[in-house]
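Protein chains in written order, with the working numbering: chain Z, 461 to 813; chain P, 753 to 924.
A portion of the hints provided could be inaccurate.
[Claimed, not checked] Facing chain Z, from chain P, some residues (calculated, C-beta under 8 Å):
1. 810
2. 811
3. 819
4. 867
5. 887
6. 889
7. 905
8. 907
FYI, nobody ran anything at the bench for these hints, they're computed from the structure.
Here a beta-carbon is modelled for each residue, glycine too, at the ideal position from N, C-alpha and C.
Residues per chain are reported as follows:
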Amino acid sequence: MSKPFRKQMRLFPSDSPYFEHIQQLARAAATGTVTVSLGSVHDKAKPPAARVRHQRLLFNEPTAATFRGIVTATLIELQERLQDGLRVRRYAGGVKQADDEIEHLDLLEEERITTQLQQLATPFALDTFSARKDFMTGLRYYVISIQPDSGSLIHCFRFYSEVFELQRSRWTALLNLRGDGYYDEVRTPGFLFDHEIDCVCSDDEMFILNKAKFQQIFRFYEYVQQDASTAVQKLHERVPLANLEEIIAAAKRDSRMAIRLADLPYQPHFKRLTMSRIKRMIAYRALPVRTEMCGDTEMLVYSREYKAEFLRLLCDDYVTSHMTYLEYESTVKRALKPSRRRRAASTALRAVG
Amino acid sequence: MLNMPARLILFFSSYTPLAVIFIILYLGRSWPVVVLASLGAATGLCGLIWIMYRARVDVAPASAVVVDFRQCGDDVMGYVAAYLIPFVGFSLTDLRQGIALLVFLLVLAYLYVTTDMLHINPMLQILGFHVYDVTFEASTVRRVITRSALRRGELLQLVPLSGDLQIGRERP
Numbered sequence: 461m462s463k464p465f466r467k468q469m470r471l472f473p474s475d476s477p478y479f480e481h482i483q484q485l486a487r488a489a490a491t492g493t494v495t496v497s498l499g500s501v502h503d504k505a506k507p508p509a510a511r512v513r514h515q516r517l518l519f520n521e522p523t524a525a526t527f528r529g530i531v532t533a534t535l536i537e538l539q540e541r542l543q544d545g546l547r548v549r550r551y552a553g554g555v556k557q558a559d560d561e562i563e564h565l566d567l568l569e570e571e572r573i574t575t576q577l578q579q580l581a582t583p584f585a586l587d588t589f590s591a592r593k594d595f596m597t598g599l600r601y602y603v604i605s606i607q608p609d610s611g612s613l614i615h616c617f618r619f620y621s622e623v624f625e626l627q628r629s630r631w632t633a634l635l636n637l638r639g640d641g642y643y644d645e646v647r648t649p650g651f652l653f654d655h656e657i658d659c660v661c662s663d664d665e666m667f668i669l670n671k672a673k674f675q676q677i678f679r680f681y682e683y684v685q686q687d688a689s690t691a692v693q694k695l696h697e698r699v700p701l702a703n704l705e706e707i708i709a710a711a712k713r714d715s716r717m718a719i720r721l722a723d724l725p726y727q728p729h730f731k732r733l734t735m736s737r738i739k740r741m742i743a744y745r746a747l748p749v750r751t752e753m754c755g756d757t758e759m760l761v762y763s764r765e766y767k768a769e770f771l772r773l774l775c776d777d778y779v780t781s782h783m784t785y786l787e788y789e790s791t792v793k794r795a796l797k798p799s800r801r802r803r804a805a806s807t808a809l810r811a812v813g
Numbered sequence: 753m754l755n756m757p758a759r760l761i762l763f764f765s766s767y768t769p770l771a772v773i774f775i776i777l778y779l780g781r782s783w784p785v786v787v788l789a790s791l792g793a794a795t796g797l798c799g800l801i802w803i804m805y806r807a808r809v810d811v812a813p814a815s816a817v818v819v820d821f822r823q824c825g826d827d828v829m830g831y832v833a834a835y836l837i838p839f840v841g842f843s844l845t846d847l848r849q850g851i852a853l854l855v856f857l858l859v860l861a862y863l864y865v866t867t868d869m870l871h872i873n874p875m876l877q878i879l880g881f882h883v884y885d886v887t888f889e890a891s892t893v894r895r896v897i898t899r900s901a902l903r904r905g906e907l908l909q910l911v912p913l914s915g916d917l918q919i920g921r922e923r924p
C-alpha cells in the first residue's frame with residue numbers, strides 16, 4: 461500500500477480508504493487459493509524464533525471453498541458495517557474496544573507481530589500438521605491464508621480454544637455413519653471451525669475485529685509485563701513514584717493492570733500528567749490515593765488497598781461530560797480532535813499549570 | 753501426502769522401463785518372466801498415473817510466486833545408469849540370480865521410500881512431467897514436479913507430495 465494512502469488513513473481514520481481497502485480484500489479473497497495453518501506457542505522454546513510454530517492442514521477443494529467463504533463473508537460484513545458507521549480506530553493496547561469500532565494497526569510499528577508473521581510468508585512450505593502432543597499443547601490459533609491471483613497474501617486469524625477440538629470439546633459429536641438412525645460418537649481426532657475471524661492482515665495492515673483475542677494470539681499478555689515495567693519507569697520520570705518496584709510487581713501479577721500501564725506512555729493524557737494535577741484530582745474526587753514527601757520531592761504512593769483507584773487516576777478515567785456536566789468513570793476513551801473552544805481552554809489551563 | 757503403499761508404487765513405477773526391456777528380452781524364451789514383467793510394468797505405469805492424478809485432485813492447492821528455478825535432469829540420468837542398466841545383464845531364469853536381484857530390489861525399495869528420492873523416476877519424464885528446483889518468495893526452495901514449463905514471476909499452484917516435494921498444478 462502506498463505511503464500517502466496510509467497517511468491519509470491515519471488522518472481520517474473512519475473515512476472511505478478503509479472501505480475501499482476492505483472491498484479490495486474481499487474481492488481478492490473470493491478467488492484465491494486457501495491454506496489453513498495452526499499456530500502453536502511454546503514460551504520456553506529456544507531460540508525465541510522457535511517459540512511460535514505453524515503447521516499446515518491439508519484438505520480438499522470443497523473444504524477450501526468453505527474457508528474461503530468464511531473469509532469473504534467476514535470481509536463483506538465488515539464492508540457493510542463500515543457503511544453503517546463502524547469506526548476504524550488506531551490500535552491502542554490499553555483501551556477497551558467498543559462495539560461499534562474495529563482497530564487498525566500498522567505492522568511496521570509492531571516488530572513482534574511481523575516476526576510472528578514471517579513464517580506465514582510461504583504457507584505452502586509449512587510442515588504438514590502431525591498432531592504431535594507438544595504441538596497440540598501449545599495450540600493457540602489458526603490462520604486462514606488466501607493467496608489472491610494478484611496481490612499480497614491475506615491472513616485471517618482466529619483464536620483457538622479446546623472447544624474447537626472434537627476430542628476435548630465439551631460437546632459430544634455423534635455421526636450417522638451406519639445409516640438407519642444409528643448415531644455413533646466420533647472418536648477419531650478432528651477439529652471444529654466456527655465462522656468468526658479475530659483479525660485480518662494483508663501487507664503491513666492489520667484490522668482487529670476482536671481485540672482481546674488478537675492480544676492473546678500475538679502474545680501481548682506475555683510482552684506486556686516487560687512493556688509495563690518500561691512504562692512505569694517513564695511515568696516515574698514525570699510523576700515521582702515512592703514504591704516503583706511494588707507497582708512493577710503488581711503489574712506482573714495482574715495482566716489487566718500491566719496492559720493498562722504498558723499503554724500509558726502512548727495515551728494522549730500522559731504528557732499532561734503532573735503531580736499537581738494528580739493531587740488536584742485526588743482532592744476533587746476524594747480518592748484514597750496517598751502521596752508522601754521524600755526529601756524535597758513529593759511522591760505518589762501505590763498500595764494494593766486502592767489499586768483500582770490508583771490505576772484509574774493514572775489512566776485519566778475520571779471524566780466530565782461538557783453536555784450534561786455529569787461525571788463518569790470510563791475506561792473506554794478515545795482522544796478527539798479538540799474543538800476551538802477547547803483548544804483555548806486547554807491553553808488557559810496550561811498557563812495555570 | 754503419500755503413504756507407504758503409494759511410495760512403493762512410485763518405486764516400482766521407476767522400474768517400468770526395465771520391465772519393458774525384460775519383456776522384449778524374454779519374449780518367447782520364458783513366459784513366466786514376460787507375464788511378471790508385464791504385470792510389473794502395468795502396475796507401475798497405472799499406479800504412477802493414478803497417484804499423480806489423485807495427489808492433484810485430493811488436496812486443495814496453495815500458491816506461490818516463482819522467483820527462480822532450475823531443471824533437474826542429472827538425478828534421473830544417474831539413476832538410469834546406476835540402478836536400471838546393470839539389471840539388464842541379470843538372467844532371471846537362473847534361480848540364484850533371480851533371488852540376488854530380488855534382494856537388491858528390496859534394499860533399493862527401502863532406500864527409495866525412506867529417503868527423499870521420489871522425484872527420481874524416469875517414468876515422470878516419459879509421461880511429460882518436469883522436475884524443477886524452484887526458489888519461491890522468502891528464499892524458500894522446493895522441488896516441484898509439473899507438466900507445464902515454468903516462468904519466473906508466475907503464480908504456481910502447489911500440492912505437497914512428500915517432504916519438500918511438491919506437485920505444480922496447472923491453473924484451471
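Comparing the hints with the structure gives:
Evaluation of the residue 810 of chain P hint against chain Z yields a held restraint, the C-beta minimum of about 6 Å falling below 8 Å. Below 8 Å, beta-carbon pairs count as interface contacts, and residue 811 of chain P has one with chain Z at about 5 Å; its hint therefore holds. Interface hint at residue 819 of chain P: violated, since its Cβ lies 11 Å from the closest Cβ of chain Z, which is beyond the 8 Å cut-off. Restraint check, residue 867 of chain P versus chain Z: the minimum CB separation of about 18 Å is more than 8 Å; hint violated.
Evaluation of the residue 887 of chain P hint against chain Z yields a violated restraint, the C-beta minimum of about 11 Å exceeding 8 Å. The interface hint given for residue 889 of chain P is met, as the beta carbon of that residue sits about 6 Å from the closest beta carbon of chain Z, less than 8 Å. Interface restraint check: residue 905 of chain P against chain Z, minimum CB-CB distance 11 Å, threshold 8 Å, status violated. Because the smallest distance between the Cβ of residue 907 of chain P and any Cβ of chain Z comes to about 7 Å, under 8 Å, the interface hint for this residue holds.
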